[in-house]
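Enquirer: Listed below are the residues making up each chain.
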Amino acid sequence: MVSQSALERVELAGQDGAASAAPRIKLAVKDLTISYGKAAALKDVNLEIREHEIFGIIGPANAGKTSFLKAVNRMDVFNTGMHVAGEIRFNGLDTRHLKNVYALRSRIGVVFPLPVGLPMTVYENVALSPRLRGIKNKAELDVIVQRCLTRAALWDEVKDRLHALGSLLSGGQQQRLTIARALSQEPDLLMLDEFSIAVDPVTTMRIEDVLKELRREVTIILVTNLVQQARRLADRTAFFLNGECVEVGVTEDLFTGEVKDRRTRDYVEGRFG
Amino acid sequence: MANSNTVPGAAVAAGGAGAFDRRDSDWYVDKAVQGLVFLCGISAIVFVLGIFIFVFKEGVGFIFHHMNVREFFLTPYWFPSDADDPEYGILALMAGTASVTGLAMLVAVPFSLGAAIYIAEFASGKTRETLKVLVELLAAIPSVVWGFIGLVIMNPLIIKWFDVPVGLCVLNAGIILGLMAAPIMTSIAEDALKAVPDRYREAAEAMGATRWQVTYKVVLPAAKNGLLGGVLLGVGRGFGETMAVLMATGHAVNIPDSVFDSVRALTATIAAELGETVVGGEHYQALFTIGILLFLVTFTVNLTADLIVRGIRKG
Numbered sequence: 001m002v003s004q005s006a007l008e009r010v011e012l013a014g015q016d017g018a019a020s021a022a023p024r025i026k027l028a029v030k031d032l033t034i035s036y037g038k039a040a041a042l043k044d045v046n047l048e049i050r051e052h053e054i055f056g057i058i059g060p061a062n063a064g065k066t067s068f069l070k071a072v073n074r075m076d077v078f079n080t081g082m083h084v085a086g087e088i089r090f091n092g093l094d095t096r097h098l099k100n101v102y103a104l105r106s107r108i109g110v111v112f113p114l115p116v117g118l119p120m121t122v123y124e125n126v127a128l129s130p131r132l133r134g135i136k137n138k139a140e141l142d143v144i145v146q147r148c149l150t151r152a153a154l155w156d157e158v159k160d161r162l163h164a165l166g167s168l169l170s171g172g173q174q175q176r177l178t179i180a181r182a183l184s185q186e187p188d189l190l191m192l193d194e195f196s197i198a199v200d201p202v203t204t205m206r207i208e209d210v211l212k213e214l215r216r217e218v219t220i221i222l223v224t225n226l227v228q229q230a231r232r233l234a235d236r237t238a239f240f241l242n243g244e245c246v247e248v249g250v251t252e253d254l255f256t257g258e259v260k261d262r263r264t265r266d267y268v269e270g271r272f273g
Numbered sequence: 001m002a003n004s005n006t007v008p009g010a011a012v013a014a015g016g017a018g019a020f021d022r023r024d025s026d027w028y029v030d031k032a033v034q035g036l037v038f039l040c041g042i043s044a045i046v047f048v049l050g051i052f053i054f055v056f057k058e059g060v061g062f063i064f065h066h067m068n069v070r071e072f073f074l075t076p077y078w079f080p081s082d083a084d085d086p087e088y089g090i091l092a093l094m095a096g097t098a099s100v101t102g103l104a105m106l107v108a109v110p111f112s113l114g115a116a117i118y119i120a121e122f123a124s125g126k127t128r129e130t131l132k133v134l135v136e137l138l139a140a141i142p143s144v145v146w147g148f149i150g151l152v153i154m155n156p157l158i159i160k161w162f163d164v165p166v167g168l169c170v171l172n173a174g175i176i177l178g179l180m181a182a183p184i185m186t187s188i189a190e191d192a193l194k195a196v197p198d199r200y201r202e203a204a205e206a207m208g209a210t211r212w213q214v215t216y217k218v219v220l221p222a223a224k225n226g227l228l229g230g231v232l233l234g235v236g237r238g239f240g241e242t243m244a245v246l247m248a249t250g251h252a253v254n255i256p257d258s259v260f261d262s263v264r265a266l267t268a269t270i271a272a273e274l275g276e277t278v279v280g281g282e283h284y285q286a287l288f289t290i291g292i293l294l295f296l297v298t299f300t301v302n303l304t305a306d307l308i309v310r311g312i313r314k315g
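These protein sequences, in sequence, are chains Z and G. Going by the UniProt record's numbering, the first residue of the first sequence is number 1, and it counts up by one from there. Going by the UniProt record's numbering, the first residue of the second sequence is number 1, and it counts up by one from there.
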């Protein structure tokens, strides 16, 4: 199991290194269609996400944003009703035909809308992923835990209660714990799904600062229903509406009215949604 | 009536103030139903207390007049029908019950935990539903049927496979009792696993954990209280089980050296001997003293299990 996942990891990294010097494509999505039974959640989406960019996805409810994320890290495997067609290439590798989806998922960090502090201590929460990777050395784990919590802007608040239950932290703290946990995966791609729903504005700003820092190291997909958040953070943004990817463009262009589709401007300016 | 309720002011004005002061049929029905369900509700307490008082009353004479505590608990000689010098030592009976229950747990715990993990974490859709129904069905098989299986199927098999003279022994009863306790334990363990929220599983899965890693690292630790409660309820069940144990142990007073020795359980002793005793006699009272002991042990085990299971619901 371990050796297989390690193999896959090498393969993923190898593909990465083989790409050219121009903006490298982290994720290439071609004709992606997702359906639940007869209802289509996403239709014929085509887009490319570049390495080290923050890619925003905005759109009202039921636009298919969350389904998109689920398809990327193959959460459809255990979701029997979900059907995915099309192609998603991660570092050039077709994710629909991987032998080991666990290895793929371990390279992709996900932060869900509601914070999920796993029912274990703060320390264990962050150490879980490294341990799954096979790191047993206590000192090494200590370093990883401190680094991830620091990067998630949580270290100062929890350094004295690392061994308290993670689920006892406040909502905002738990969300940062979730982010720290995602970072502990040393992900290649970080996906945040409306992370600020259960977080107060001050904490949201702190997390946004963290994300700006992280951009240098990881590629980030930021799904948000706060269009201003996308404007503050995203380099490029896609607008999803009712399962359709209406438009992909440089974020600033979308907000200054340089849009290809009128619906994008209407949504960004708050005329519907 | 309805009018005076919906527009009370009008009723008062019309001189119908009496409606507020009169108890109508709805009021009486309500009171009657309350009384009835209250009776049903507290009947559990009444029965438990009633049974305890009865058992205690019947056994107390022995405890105060005939019982030698050391002989009772520490000697293995159970000769209640010796006319001159009856002996009442239950050490061998306790050893019988303990060995059979212990072996049963060795069989039932891994088996039912495995089954519960499969049903709750790995199986899906139809498989899961079918298995759940079958497990419930298994739990409903009467104990005498299990005893029959021990007597007629397991007995010759054990004689044949292990080349021993008698197949009614600790091994036989332990396996039978283990299989009997497994469905209940599976059912409770599965409930405990289901009580772990799916968002924990999703979060761990999204990190790249395999199903087994999710189960082992996240779900089992989160469900451990419920699982422990389930195991304890299984122990209680094994301890109190009578018929299957009576039929499969060989019913011989003996402290077992190996799993192929016949033993006799506390419960089976009561079942087998009570009919032959003189009501109110020494032997009769001695059996009720065993009853008190069983009652206290199962009560403690079940109460502990219940408190542990409640613990997780709260936390």
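Keep in mind that a hint or two might mislead.
[Claimed, not checked] Distance condition first, Cα-Cα at most 25 Å in a straight line; then the derived SDA-like pairs of lysine to any residue:
1. G:Lys160 <-> Z:Leu141
2. G:Lys224 <-> Z:Met82
3. Z:Lys159 <-> G:Ser124
4. Z:Lys99 <-> G:Lys224
5. G:Lys224 <-> Z:Val143
6. G:Lys217 <-> Z:Ala103
7. G:Lys224 <-> Z:Ala103
8. Z:Lys38 <-> G:Tyr216
9. Z:Lys159 <-> G:Gly125
10. G:Lys194 <-> Z:Met82
11. Z:Lys30 <-> G:Lys224
12. G:Lys217 <-> Z:Lys38
13. G:Lys194 <-> Z:Lys159
14. G:Lys217 <-> Z:Val101
15. Z:Lys136 <-> G:Ser124
16. G:Lys224 <-> Z:Lys38
17. G:Lys132 <-> Z:Lys38
[To be verified] Restraint ranges, calculated between C-beta atoms of paired labels, are given here:
18. Z:Leu114 <-> G:Glu129: 48 to 54 Å
19. G:Lys31 <-> Z:Leu168: 42 to 48 Å
20. G:Cys40 <-> Z:Glu157: 51 to 57 Å
21. G:Leu307 <-> Z:Glu157: 33 to 39 Å
22. Z:Asp94 <-> G:Thr130: 32 to 38 Å
23. G:Phe299 <-> Z:Pro113: 46 to 52 Å
24. Z:Ile135 <-> G:Ala98: 42 to 48 Å
25. Z:Leu114 <-> G:Ala139: 32 to 38 Å
26. Z:Gly171 <-> G:Glu136: 56 to 62 Å
27. G:Gly125 <-> Z:Asp142: 55 to 61 Å
28. G:Gly35 <-> Z:Glu157: 42 to 48 Å
29. G:Tyr216 <-> Z:Asp266: 25 to 31 Å
Note that these hints are calculated values from the structure, not bench results. Note that this is a predicted model, so its numbers are computed, not measured. We put the CB at the ideal spot given by N, CA and C, even for glycine.
Enquirer: The structure should be examined with respect to each hint, and the outcome stated for every one.
Expert: For each hint, the structure was consulted:
1. G:Lys160 <-> Z:Leu141: Cα-Cα ~56 Å, so violated.
2. G:Lys224 <-> Z:Met82: violated, 32 Å
3. Z:Lys159 <-> G:Ser124: violated, 41 Å
4. Z:Lys99 <-> G:Lys224: Since the Cα atoms of Lys99 (chain Z) and Lys224 (chain G) sit roughly 33 Å apart, the hinted pair is violated (cutoff 25 Å).
5. G:Lys224 <-> Z:Val143: violated, 30 Å
6. G:Lys217 <-> Z:Ala103: Distance of about 17 Å is within 25 Å: holds.
7. G:Lys224 <-> Z:Ala103: Violated. Lys224 (chain G) to Ala103 (chain Z) sits at ~28 Å, over the 25 Å cutoff.
8. Z:Lys38 <-> G:Tyr216: violated, 36 Å
9. Z:Lys159 <-> G:Gly125: Violated, because 44 Å separates the two Cα atoms, which is more than 25 Å.
10. G:Lys194 <-> Z:Met82: holds, 22 Å
11. Z:Lys30 <-> G:Lys224: violated, 45 Å
12. G:Lys217 <-> Z:Lys38: This hinted pair is violated, its Cα atoms lying about 36 Å apart.
13. G:Lys194 <-> Z:Lys159: Violated, at about 33 Å.
14. G:Lys217 <-> Z:Val101: holds, 19 Å
15. Z:Lys136 <-> G:Ser124: violated, 33 Å
16. G:Lys224 <-> Z:Lys38: violated, 40 Å
17. G:Lys132 <-> Z:Lys38: violated, 30 Å
18. Z:Leu114 <-> G:Glu129: 48 to 54 Å: violated, 29 Å
19. G:Lys31 <-> Z:Leu168: 42 to 48 Å: The hint (42 to 48 Å, Cβ to Cβ) holds, given that Lys31 (chain G) and Leu168 (chain Z) are roughly 46 Å apart.
20. G:Cys40 <-> Z:Glu157: 51 to 57 Å: Distance hint for Cys40 (chain G), Glu157 (chain Z) holds at roughly 52 Å.
21. G:Leu307 <-> Z:Glu157: 33 to 39 Å: holds, 35 Å
22. Z:Asp94 <-> G:Thr130: 32 to 38 Å: holds, 36 Å
23. G:Phe299 <-> Z:Pro113: 46 to 52 Å: For Phe299 (chain G) and Pro113 (chain Z) the Cβ distance comes to about 47 Å; the hint holds.
24. Z:Ile135 <-> G:Ala98: 42 to 48 Å: Holds, at about 44 Å.
25. Z:Leu114 <-> G:Ala139: 32 to 38 Å: Since the Cβ atoms of Leu114 (chain Z) and Ala139 (chain G) sit about 37 Å apart, the hinted range of 32 to 38 Å holds.
26. Z:Gly171 <-> G:Glu136: 56 to 62 Å: violated, 39 Å
27. G:Gly125 <-> Z:Asp142: 55 to 61 Å: Distance hint for Gly125 (chain G), Asp142 (chain Z) is violated at roughly 43 Å.
28. G:Gly35 <-> Z:Glu157: 42 to 48 Å: Because 56 Å falls outside the window, the suggested range is violated.
29. G:Tyr216 <-> Z:Asp266: 25 to 31 Å: 50 Å Cβ-Cβ, so the 25 to 31 Å window is violated.
The structure fails hints 1, 2, 3, 4, 5, 7, 8, 9, 11, 12, 13, 15, 16, 17, 18, 26, 27, 28 and 29 (numbered hints given earlier, in ascending order).
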